[in-house]
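Protein chains: 2
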Amino acid sequence: MASIQSIRANCRKVMCIGRNYADHVKELNNQRPKQPFFFLKPPSSILLPGAGPVLRPKGVTMHYEVELGLIMGKTVKDLHPDDTQGALDAIKGYILAIDMTARNVQDEAKKKGLPWSIAKGFDTFLPISNLISKSLIPDPQNAHLWLSVNDQMKQADNTDLMLFRIPRQLSDISRVMTLEEGDIVLTGTPKGVGPVGTGDVMRAGLKVDGRDIEEARIEVP
Amino acid sequence: MASIQSIRANCRKVMCIGRNYADHVKELNNQRPKQPFFFLKPPSSILLPGAGPVLRPKGVTMHYEVELGLIMGKTVKDLHPDDTQGALDAIKGYILAIDMTARNVQDEAKKKGLPWSIAKGFDTFLPISNLISKSLIPDPQNAHLWLSVNDQMKQADNTDLMLFRIPRQLSDISRVMTLEEGDIVLTGTPKGVGPVGTGDVMRAGLKVDGRDIEEARIEVP
Ligand SMILES: [Mg+2]
Ligand SMILES: [Mg+2]
Ligand SMILES: [Mg+2]
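Protein sequence lines correspond, in order, to chains A and B.
Numbering-wise, the first sequence is residues 1 to 221 according to this note's numbering.
Numbering-wise, the second sequence is residues 1 to 221 according to this note's numbering.
Derived by calculation from the structure, the hints in this document are not laboratory data.
Some hints could be false.
Where chains are identical, the list cannot tell them apart; a pair therefore holds if satisfied intra-copy or between any two copies.
[Unchecked claim] With a straight-line cut-off of 27 Å between C-alpha atoms, the simulated DSS-like cross-links for lysine-lysine are:
| id | residue 1 | residue 2 |
| --- | --- | --- |
| 1 | K58 | K74 |
| 2 | K92 | K207 |
| 3 | K134 | K110 |
| 4 | K58 | K34 |
| 5 | K110 | K154 |
| 6 | K77 | K58 |
| 7 | K112 | K34 |
| 8 | K34 | K111 |
| 9 | K134 | K191 |
| 10 | K111 | K134 |
| 11 | K26 | K92 |
| 12 | K74 | K111 |
| 13 | K26 | K134 |
| 14 | K191 | K110 |
| 15 | K34 | K110 |
| 16 | K110 | K207 |
| 17 | K111 | K26 |
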C-alpha cells in the first residue's frame with residue numbers, strides 16, 4: 001500500500017462535504033442542506049503526520065473539524081447514489097483528517113458571497129493521519145471519530161450520523177467533477193467544532209467496534 | 001519544454017483571481033475588491049486543446065471568461081508584492097484559458113454564502129491553449145486577450161487593465177498557500193463575459209505587440 005507521503009504527492013484534489021451531521025449544522029446556525037454540497041481544499045494544505053504544528057495565520061480564528069477521509073482508488077464519474085458496492089470498490093483506503101477552518105474568514109466570505117478557498121486553504125490546514133487500510137474499517141458508516149484539545153474531548157460521534165452517506169456523496173461529487181485515483185474526499189464533521197490556538201495540542205482518533213485504530217491517530221501541536 | 005498533456009497531469013492546484021478588471025466587476029454588479037481574492041478550480045476541469053466540447057450541465061447557464069494563465073515553475077511562498085522579478089522568475093510559461101462558470105449556480109452560491117467550487121468545477125470547465133513559452137510574452141502586463149462566440153467578438157482587452165498586477169496576485173496567494181511547480185494561476189477576466197450554449201463555437205487568442213501568438217489559440221465547440 002502507498003505511503004502517506006505518496007498520498008500527499010499524488011493528491012490532485014481534496015473534496016470536502018459541508019454540513020453533513022445534523023448537530024453540527026445546528027451549532028453553526030446553518031441551514032440543513034437538501035443535497036450534499038462540497039468545496040475544495042488545495043493539496044498544499046496537507047500536513048503529514050509529525051510534520052509540525054498547524055500554523056495560525058495572523059488575525060485568524062482557527063477551528064478544528066475532525067473528519068473521516070476517503071482515498072480514491074479509481075476514476076469515478078456519474079456514480080449512482082444507491083451504488084454502495086461501487087462506492088466501496090472505488091475507495092482504496094482511509095485517513096483521519098482535521099479540516100482546519102479560518103472561521104472568521106469563512107464567516108466574512110459567507111456574508112459577502114465570496115469563495116471559501118482562502119478560509120479553508122492555508123498551508124498546514126489539513127493535518128492527516130497515516131493511511132488506514134480498507135480492511136480495518138469494514139463499514140465506513142460505522143466508525144467512531146473523536147478529537148480532543150489539550151486532552152479535553154471536544155468531538156466524539158459515529159459516522160452513522162451522516163446526513164448523506166458515502167455513496168450519495170461520491171455520486172453528487174462525481175456528477176460535477178470526475179474523481180481520480182489519489183483524490184481525497186472528506187466526509188464532513190460531527191458536532192463540537194471550536195477554536196484552537198498556538199500551544200494547544202489536538203489529538204484525534206478513530207474506533208471501530210470499540211477498538212482504537214492505531215494508524216488513525218493524529219497528534220498536532 | 002513540457003507538453004500541455006504533462007501540464008494537466010502534473011497540475012495540483014488551479015488558483016483563479018476574481019474581479020481583477022474594473023469593467024468586469026461593474027458588469028456583474030459586484031463590489032470592487034480592496035485586495036485580490038481567489039478560488040480553486042479542480043485540475044479535473046482542464047480541457048486540453050482538441051479534446052472536445054465544453055459540456056453544459058443540465059439547468060446551467062454557462063458563461064465564458066477568457067484569462068491569461070501562469071504556469072508556475074517553482075515553489076513560491078510569501079512573495080513580496082513588489083518583487084516583480086521574483087514573480088517573473090517563478091513563472092515557467094503561459095497559457096490562455098477560459099474560466100467557464102455556471103453563472104446561475106454561482107449566483108445562488110453567493111446568495112446563500114456557499115462555496116463556489118461546484119459553479120467553477122465541472123468537468124471540461126477549463127479549456128486551455130497550448131503552452132506559450134515565456135519568451136513570447138516579454139511583459140505579461142501588456143498582452144491583448146480576445147474571445148469570440150460564433151465569430152462575434154465578445155471580449156477584447158489588454159492585461160494592463162488588471163486591478164492587481166501579477167506580483168501582487170502571487171504575493172497574496174502565496175501568503176495563504178504555497179504555490180508549487182506545475183500549479184496554474186488564472187489572472188482574471190476582462191469585461192464582456194456572457195452565456196454560451198450547445199452548438200456555439202468559442203475562439204480565443206492572445207496578441208503581443210499586435211502579433212498573434214499561435215500557441216495561444218483556443219477553439220472549442
Ligand atoms: Mg469540514
Ligand atoms: Mg470555494
Ligand atoms: Mg474568472
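Hints and how they fare:
For the identical chains of this complex, K58 and K74 are inter-copy neighbours only, at 26 Å across copies versus 39 Å inside a copy, given an alpha-carbon limit of 27 Å. Within a single copy, K92 and K207 get their C-alpha atoms as close as 19 Å, which meets the 27 Å cut-off; across copies the closest is 47 Å, which misses it. For the identical chains of this complex, K134 and K110 are neighbours neither inside a copy (36 Å) nor across copies (38 Å), given an alpha-carbon limit of 27 Å. In this assembly of identical chains, the alpha carbons of K58 and K34 lie at most 27 Å apart only when taken from different copies (18 Å versus 35 Å within one copy).
For a Cα distance limit of 27 Å, the shortest separation of K110 from K154 inside one copy, 25 Å, qualifies, whereas the shortest one across copies, 31 Å, does not. Only between protomers do K77 and K58 lie at most 27 Å apart by alpha-carbon distance; the minimum there is 16 Å, versus 40 Å within a single protomer. Taking the shortest alpha-carbon separations for K112 and K34, both the intra-copy value of 22 Å and the inter-copy value of 13 Å come in at or below 27 Å. With identical chains, the CA atoms of K34 and K111 are at most 27 Å apart both within one copy (20 Å) and between copies (16 Å).
When the C-alpha separation of K134 and K191 is checked against a cutoff of 27 Å, the pair qualifies only within one copy, where the shortest distance is 25 Å, while the shortest distance between copies is 50 Å. For the identical chains of this complex, K111 and K134 are neighbours neither inside a copy (40 Å) nor across copies (40 Å), given an alpha-carbon limit of 27 Å. In this assembly of identical chains, the alpha carbons of K26 and K92 never lie at most 27 Å apart, being 32 Å within a copy and 47 Å across copies at closest. When the C-alpha separation of K74 and K111 is checked against a cutoff of 27 Å, the pair qualifies neither within a copy, at 37 Å, nor between copies, at 35 Å.
For the homomeric pair K26 and K134, neither the shortest alpha-carbon distance inside one copy (32 Å) nor that between copies (51 Å) is at most 27 Å. Taking identical chains as interchangeable, the C-alpha atoms of K191 and K110 lie at most 27 Å apart whether they share a chain (20 Å) or sit on different chains (25 Å). Taking the closest pair of Cα atoms, K34 and K110 come within 27 Å of each other both inside a single copy (18 Å) and across two copies (17 Å). In this homomeric assembly, K110 and K207 never come within 27 Å of each other (Cα to Cα): the closest approach is 34 Å inside a single copy and 38 Å across copies.
For the homomeric pair K111 and K26, the shortest alpha-carbon distances inside one copy (18 Å) and between copies (20 Å) are both at most 27 Å.
The structure fails to meet hints 3, 10, 11, 12, 13, 16 from the earlier list, while all remaining hints are met.
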